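Each chain, letter by letter, is given below.
There are 4 protein chains.
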Amino acid sequence: MGSSTGQIFCITTFGESHGGGLGVVIDGCPPGLPLDLEAVQAELDRRRPGQSDLTSARKEADRVELLSGIFEGRTLGSPIAMLVRNTDADPRAYASFKDLYRPSHADYSTEARYGLRTWMGGGRASARETLGRVAAGAVARQVLTSLTDIEIVAWVDRVADLSAQVDAETVNRAAVDAHPTRCPDPAAAAAMDACIRAARKDGDSVGGVVRAVARGVPAGLGDPVFDKLEADLAGAMLSLPAAKGFESGSGYAGTFMRGSAHNDPFIPGPTPGSVRTATNHSGGIQGGISNGMPITLSVAFKPVATLFQPQQTVDVKGQPAILRAKGRHDPCVLPRAVPLVEAMMALVLCDHLLRLRALRGDAALTHR
Amino acid sequence: MGSSTGQIFCITTFGESHGGGLGVVIDGCPPGLPLDLEAVQAELDRRRPGQSDLTSARKEADRVELLSGIFEGRTLGSPIAMLVRNTDADPRAYASFKDLYRPSHADYSTEARYGLRTWMGGGRASARETLGRVAAGAVARQVLTSLTDIEIVAWVDRVADLSAQVDAETVNRAAVDAHPTRCPDPAAAAAMDACIRAARKDGDSVGGVVRAVARGVPAGLGDPVFDKLEADLAGAMLSLPAAKGFESGSGYAGTFMRGSAHNDPFIPGPTPGSVRTATNHSGGIQGGISNGMPITLSVAFKPVATLFQPQQTVDVKGQPAILRAKGRHDPCVLPRAVPLVEAMMALVLCDHLLRLRALRGDAALTHR
Amino acid sequence: MGSSTGQIFCITTFGESHGGGLGVVIDGCPPGLPLDLEAVQAELDRRRPGQSDLTSARKEADRVELLSGIFEGRTLGSPIAMLVRNTDADPRAYASFKDLYRPSHADYSTEARYGLRTWMGGGRASARETLGRVAAGAVARQVLTSLTDIEIVAWVDRVADLSAQVDAETVNRAAVDAHPTRCPDPAAAAAMDACIRAARKDGDSVGGVVRAVARGVPAGLGDPVFDKLEADLAGAMLSLPAAKGFESGSGYAGTFMRGSAHNDPFIPGPTPGSVRTATNHSGGIQGGISNGMPITLSVAFKPVATLFQPQQTVDVKGQPAILRAKGRHDPCVLPRAVPLVEAMMALVLCDHLLRLRALRGDAALTHR
Amino acid sequence: MGSSTGQIFCITTFGESHGGGLGVVIDGCPPGLPLDLEAVQAELDRRRPGQSDLTSARKEADRVELLSGIFEGRTLGSPIAMLVRNTDADPRAYASFKDLYRPSHADYSTEARYGLRTWMGGGRASARETLGRVAAGAVARQVLTSLTDIEIVAWVDRVADLSAQVDAETVNRAAVDAHPTRCPDPAAAAAMDACIRAARKDGDSVGGVVRAVARGVPAGLGDPVFDKLEADLAGAMLSLPAAKGFESGSGYAGTFMRGSAHNDPFIPGPTPGSVRTATNHSGGIQGGISNGMPITLSVAFKPVATLFQPQQTVDVKGQPAILRAKGRHDPCVLPRAVPLVEAMMALVLCDHLLRLRALRGDAALTHR
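Just so you know, the sequences run in chain order D, C, Y and L. Read in order, the letters of the first sequence are residues 1 to 368 in this note's numbering. Read in order, the letters of the second sequence are residues 1 to 368 in this note's numbering. Read in order, the letters of the third sequence are residues 1 to 368 in this note's numbering. Read in order, the letters of the fourth sequence are residues 1 to 368 in this note's numbering.
Only chain D is shown next, with the shape it has when bound in the complex:
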């Protein structure tokens, strides 16, 4: 059950870092949509390792194969299955810690839950698991584009204590992708770059914060009380590997404000009868429902658990041991987390958009 998400635009991912491959089945995609498979591949390419010398040096092709759900270039309304093959990873890299629990990895908890685990790589906890999500997110984005003007942009907003200055109203993907850090503030990006390299040099790792915005979201998305838009976004983001925190709108910073400063006054919007807010501390969501203002959120990612320093741990028999990791790993997950955050945001918004259609039968939400 845990590998599916979404009520109407429902996705199920599968696959581990070993074995035949990874992928996703999308059930509930509206029919008749021209599917741009190149755009799906482009998103997979954005999350792929080896894009720059900041990230892991592994080279994986990660070419997506479409298995079903499309005819003559259009969605049929039947399940869209997509597959990415595993390249033959070298399990010898993992053999030396087959019997050790890597600190702050999922090795121990996985074995506690399932009674066994695959020691050849991280199994289902591997970052490769996100391939299916990114592919599905790219399809969700195309659904959103066909029905609305929604535009989603995520970026690296902080690495360790290095914060960027970014305007959520205007930031775009070109600016984000201009630097390998995926931070659109050039000065901050340069500092982050140095920080990440320093950590790598020390065999260490760093964490940080991704921020994201969705502009052009219609008012009315979100299904109180348990599927409030913030609740579903929070759940989606915390399902990402290494995510440890979530903020909607003003988040934790807002808790330092008084209500008189935090409340967003309503003001007349640009068209007659329309409404907007003067500020957007609410992050585009009030009472768990979108209000038409940009949706803003942040996700905290912990420093990568894989280090190249000796670490204290225990073996599978509970005896003390020292772990010495090998191989090539990202010292900072943030740049590659950007497409993941965007994918999860697209999935949640797409599902809620279709749920709104069920509720309202909304003529405004049909293919254009």
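Honestly, the hints are just simulated from the structure, not real lab data. The structure displayed is predicted, hence computed values, not measured ones. Heads up, some of the hints might be wrong.
Put simply, identical chains are the same to the list, so a pair is met inside one copy or across any two.
Straight-line C-alpha distance at most 25 Å; calculated DMTMM-like pairs for lysine to aspartate or glutamate [what the hints assert, rightly or not]: (1) Lys201 <-> Asp53; (2) Lys326 <-> Asp202; (3) Lys201 <-> Asp161; (4) Lys98 <-> Asp315; (5) Lys98 <-> Glu60; (6) Lys317 <-> Asp177.
Knowing the structure of chain D, use the given hints to seat chains C, Y and L on it.
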């Protein structure tokens, strides 16, 4: 669909601030459990307004009535329905802003979604909606107690910029409930009390942070990838009124650390073959699965949206207007949020415990 | 989990024959619908015992109380909860077989599943459980009427070996309700009446078949492959007490035909470009999707398990015993099953109609 | 949403008769189970066309590829994805009726729902869709075998008006597979064989009934009220292509009996304190919950819609036309439906067995 949560221990809440009543239906509660209805009422009493002069002066009895699912004091395995009647609220308190959108409330977004809203109180966005959750959470807690040693404690950890010093390993409910602020650090509690009174005097409001811990949680809870324990906890917490942020374990603070400091070394546990971690930055969850260490989290609550200062807004026709609120409202939601956070935590853990039984048929997880 | 059904128009029923009451929570009802509570009560009155001397002589008021989800007469889009109180049933009627398993009742299997059961009446297996379904079905019907021209009629088509002649294209509720048997063929109704009285005189019971038709169903309802319209209708009908069989369209009779006789030729419909079929062996569903022709189905109901003859059984210790039932029971469930079949049909069609709106955003399926 | 079924042992199928392939993702399979992939392949071979001259002459390899969820031969508890490639079907066979709606096929209703359809074969309505179900059913069977003594056997019980005499208590797979008709009554099998050949000679088709039994089912399976065991079995069976009817236990025949003859008396079972019934008209299910007796059911399959006689129809513009089918098709779906019925039965029982573990944490239901 949005009023249900949980895969196996599945709850559905109903009710608005007006109308016949509010309540919950619990489907999937294990049979044969002696149900302590007084304990359910006690939790409802903890969330009730009017408990101290720090909270709203409204007086509501909020007596719970059991409608089904129990026979001779034991759960039948059939749906447990519980009802709390609305007292006859005075709609005149709301009449003056029937046609105005209250800033940072759900009025506008609700109307955008549903095309109508109840102006007599907050409707489904009212804090009264949480009655059903608290009642269900109290039942979940009894299930947890019958199957495990899980102990859940939440407390007010920060109000505005006033932070408490609390030891998550030892804090207990008696310490939390000792002060009306529900902050177990007496010095901080006194400061918070003054801060809340000052805000009220100004017709203003303040926000803050609730922290919570679950001790004695078995390893193995959480269903990757979308129902990771952190994902479900985050979703549950962000479904609470006024919640704007969530942290698991080290959360945002952890993103300032390097991996070598953040990783939790495994060490031998107290019994032969058992395992624990030397630190607990992971907050008891690794790879989305509990590892047996205390589960720690925080939830950010924004300052209450209802103020007693004139506020800029628009009316339902989009014309500028000034809102002047009346009535009695809490200037700070934090003390009353404590039982809500505990209830949501109990619901998520209970559901995942039963999911683990389905997966493993675990003899260790039967009634004791 | 088993007390909920429907993906979008999702209902959860609760309640046993003892205890505070029975009812239903409807989540996902479209907002803005004027709700006719009298029409809901009228459906409950149709299923009530004591309507004629053919059915049980018990008198229950079964007045429905609306708890939530409505404001100023219209649906809010939030959960609609409805409650029917239990009258104080006399448990002494059941005391004599507290320790016996009634043959072909749910006593034994319930105890096998849950480890306990309520011996004061049938608990969740009581016919009273259907109250919530009928109330929800009446709301579903109002949604269907607001969005489409769908008309649902069920009738008693056979009792024991007495079959009626009924034209599914024209039969209406007035004809069905004209006779206490709910058989619209007067000659057959008279024979059925005598048959049921004869069984009752013998302390025995009889079974039979309810047929139903839904006319005016738009083409396109049904979600292959597991939620084909026939699959959901079959599941809904077999969830009714005493149901043991289901047919869609030609059903079992169709299996005696060759394909050349069974296939339904397509012919031009009444309006240009429209399509219908010359025959309707498919019962309005092809490939699990409605094709615009009337949907026809049948449900087999076994003879009532409660008899007034001594019956062989065992007690809760497995020792042989003789059961001698007392009280007043229906010798034939068929007349009262008619509103149940209609309610389940309305619930399935309503859910699929809203699912179609999610898929297509269909402007034709908005309130009229 | 419609391509998934099961609450805990949840499967999602994908694939059409054209395109890259068909398959299934199983989420929720218990971990640590040795998976016999050859047994999965053997079930796929049983449903494959071209097994005898009674069925379609198409030759498809239908080799299953395991993509995920297994490590060193054991289930990991993560999603098990399996893929069967499409061989390059010749779309020219379909080109001649690209613009015609084939009578009693899904062409018209599919287009009504989705606005488009794949004319190269039946798309999602093709019998090839069942590949994923059969593969998943074979895994479900292995779970059942590892946890219980459940044994599932289905057989062809009737073709047209030719009925078999089969003892549900003893019939086994060897007897079923001994004849290409999959009827274990040799005399009836020979007659059915002749009947099917006669229909084929006439370019026509025949229908019939499959019966099935599950022996060794523990008492307690089934989740009232909407997920009663009969409800889920009925839904599962009616989701199969060409299915038009379902019976549990005595089914329609039972409606001709009086209650005194139909009720199943309880008698002491073979071991002290155990209980069984003297007759089994209930088909092993009472109140929607298994009672430990054999579960018996039947499924009606209509005559195959594809004929080799000219048929009246309309084209996509609604104009009258004559359809002349080509190619090779089964004149009777019954023999190949046997493994499908078994697969669906295994899926339903497996899901309910795991649901029972969640409810009871049953130590008796752990791997042996």
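* Asked: Which hint numbers doesn't this structure obey?
  -> When the structure is compared with the hints, only number 6 turns out to be violated.
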